[in-house]
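Listed here are the chains, written in short residue letters.
Number of protein chains: 2
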Amino acid sequence: MRFYDELTSLKEQIGFDERFVPLRKYDNIVLSGMGGSAIAGMLFSDLFSSVPVTVVNGYDVPDFINENSLFIAISHSGNTEETLSALENATSRGAQIFIITTGGKMASMQGEKIIVPKGLQPRSSIGYLLMPLLRTFGLVDEDIQANTVEAIDRVLGMTDEIRPLAESIVENEKIPVVYGIPPSQTVAYRWKTQFNENSKIMAHSSTLPEMNHNEIAALPYSFLKDRFEFLVAGIPVGKYLSRVRISEKIAGVKFHLMPEISGEPVPSMFASIMYGDMLSYFVAEARKVDPREVSAIESLKAELAKTD
Amino acid sequence: MRFYDELTSLKEQIGFDERFVPLRKYDNIVLSGMGGSAIAGMLFSDLFSSVPVTVVNGYDVPDFINENSLFIAISHSGNTEETLSALENATSRGAQIFIITTGGKMASMQGEKIIVPKGLQPRSSIGYLLMPLLRTFGLVDEDIQANTVEAIDRVLGMTDEIRPLAESIVENEKIPVVYGIPPSQTVAYRWKTQFNENSKIMAHSSTLPEMNHNEIAALPYSFLKDRFEFLVAGIPVGKYLSRVRISEKIAGVKFHLMPEISGEPVPSMFASIMYGDMLSYFVAEARKVDPREVSAIESLKAELAKTD
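Here the protein sequences line up with chains A and B, keeping their order.
Start counting the first sequence at 1; every next residue gets the next number (the working numbering).
Start counting the second sequence at 1; every next residue gets the next number (the working numbering).
Okay, chain A solo, but in the shape it has when bound (with noise of 0.2 angstroms):
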């Protein structure tokens, strides 16, 4: 498959209709995972408080995971070796285990399992690694699925949009710098890491309204300033779109905003998800570098293998 196929197969993973039935009531939920995976969580976080979320990304886990904990690991591979420490150790003090993954060791560990398909590299399968969450938690019903593949595809049509921001992007160098709006901050990090494993180039994520106490400051007088390529990951409205022109008045920049595509936060969330898949994948075309090979990280797994 090539990989821009890969990319926006996001559209049918949006069908991907399984989900968790908890067997007791839990206090909190603990999502660990690791970047593609990490990210499927933070999204998640984004959408659902109706308790406490905890994403966690790295060996351990909080000290408060127990019996009333519902603890979801999800990893591609199933073999992520942060994510497994965190899976045992969750596991030895009782919480409910859930296990998003398409194999590997999780595959045979205790807890209840959702399998996702296989053959696709982890951050293309960010909507298997999602949906399942949504489902369990009541996040998305048949009218808002409709929805949000409806708002996909607007996305998939706007490559005459999308393809000469990536163009100009590469021809000037330019590092991104994505501000995230809520309900749905976590797009821009999304953003971010696809520029990073896709198109190969730094870049940098923030959002508002918190960039507006720290990162505002040094806009106007930045070393480097004209090699930053501005973009808002996602559809401000109301103060959240005052903000953005207010600061973009101060910092004396232009941001990159995406047309209003949905009003609706699951919807919207996917709709610019794909549009930042798109734009990192044609910063690569454009750039002549493989979006799909990530040596980088799999060099350093061996190498890390190794010193175990």
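Check the hints yourself; a few may be wrong.
[Unchecked claim] Examples of chain B residues lying across from chain A (beta carbon under 10 angstroms, computed):
{"id": "1", "residue": "D5"}
{"id": "2", "residue": "S9"}
{"id": "3", "residue": "K225"}
[Unchecked claim] Quick list of in silico lysine-lysine cross-link-like pairs, DSS-like style, CA-CA up to 25 angstroms:
{"id": "4", "chain 1": "A", "residue 1": "K174", "chain 2": "A", "residue 2": "K25"}
{"id": "5", "chain 1": "A", "residue 1": "K174", "chain 2": "B", "residue 2": "K174"}
{"id": "6", "chain 1": "A", "residue 1": "K288", "chain 2": "B", "residue 2": "K113"}
Think of the hints as simulated: they come from the structure by calculation, not from any bench.
Built from N, CA and C at the ideal position, the CB exists for glycine as well.
Got chain A sorted already, so can you dock chain B onto it with the hints?
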């Protein structure tokens, strides 16, 4: 007071001995703040997880907040728009309310209060904002306090190391990229915001091991690769030191490491904060910009007030 003296007053702030007395049991803690106040909450959440701790930096509060929640609003001025909104929401949900502030509107709002000394910039008051949290939840005793003061003293004696690093950043017009190390990943974000506000330069932060899953893929190939200064905030040991060394090798860049100052979490955290504060100050000095002045943030607040 010179701004440098403001920053180095961190050492004296460790002696700030105020704490809350929770009135009843609680199931979770929510900390609300923006900018430097949010960082105090994030630093605390790196060290404490006996119950779920959620840090929010925006207008809204999580759905789960109720009478079993302990809500701590942190605002240096006591007038932060977003935090006031979150505080009102939490109060209406019946949460137990604690407030850390110098005064402003929050001084007359419902809830138990810790009033911190006025006169410093919010970001120079990080010790005043953080120590009440560490004391209330039992993370500091007399020994740890003494070791923290000693660790800060050691960093204060390192100007001959820190100043040349700052001068080299300015001479080569570099953008700092700061990596945080468990257990205090947030210190990297503190360094980033201090570069923004004190030095008026863009900066980026991430954490280990998370950056090994995305950013590492960009480092060998990125635009402007030689215009980033890679810094590690905190003192990596064991498997984290291995990750630092392997990351450097894969990326083909050198990371600047701090000398080993303390193996204890709290002294190490404050020593790392002091190191970053000094570095950002010396960058400002070498650039001949006023480290205290943050007129962009003030202009933005004035513009926002007009839209209310």
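Each hint, compared with the structure:
1. Because the closest C-beta pair between D5/B and chain A is about 21 angstroms apart, greater than 10 angstroms, the hint is violated.
2. This hint is violated: S9/B has a C-beta 20 angstroms from the nearest C-beta of chain A, more than the 10 angstroms allowed.
3. About 8 angstroms separates the beta-carbon of K225/B from the nearest beta-carbon of chain A, less than 10 angstroms, and the hint is met.
4. Distance hint between K174/A and K25/A is unfulfilled; the C-alpha atoms sit about 49 angstroms from each other, more than 25 angstroms.
5. Simply put, K174/A and K174/B have alpha-carbon atoms about 15 angstroms apart, close enough for the 25 angstroms limit, and the pair holds.
6. The suggested pairing of K288/A with K113/B is violated, with an alpha-carbon distance near 58 angstroms, which exceeds 25 angstroms.
Of the numbered hints listed earlier, those contradicted by the structure are 1, 2, 4, 6.
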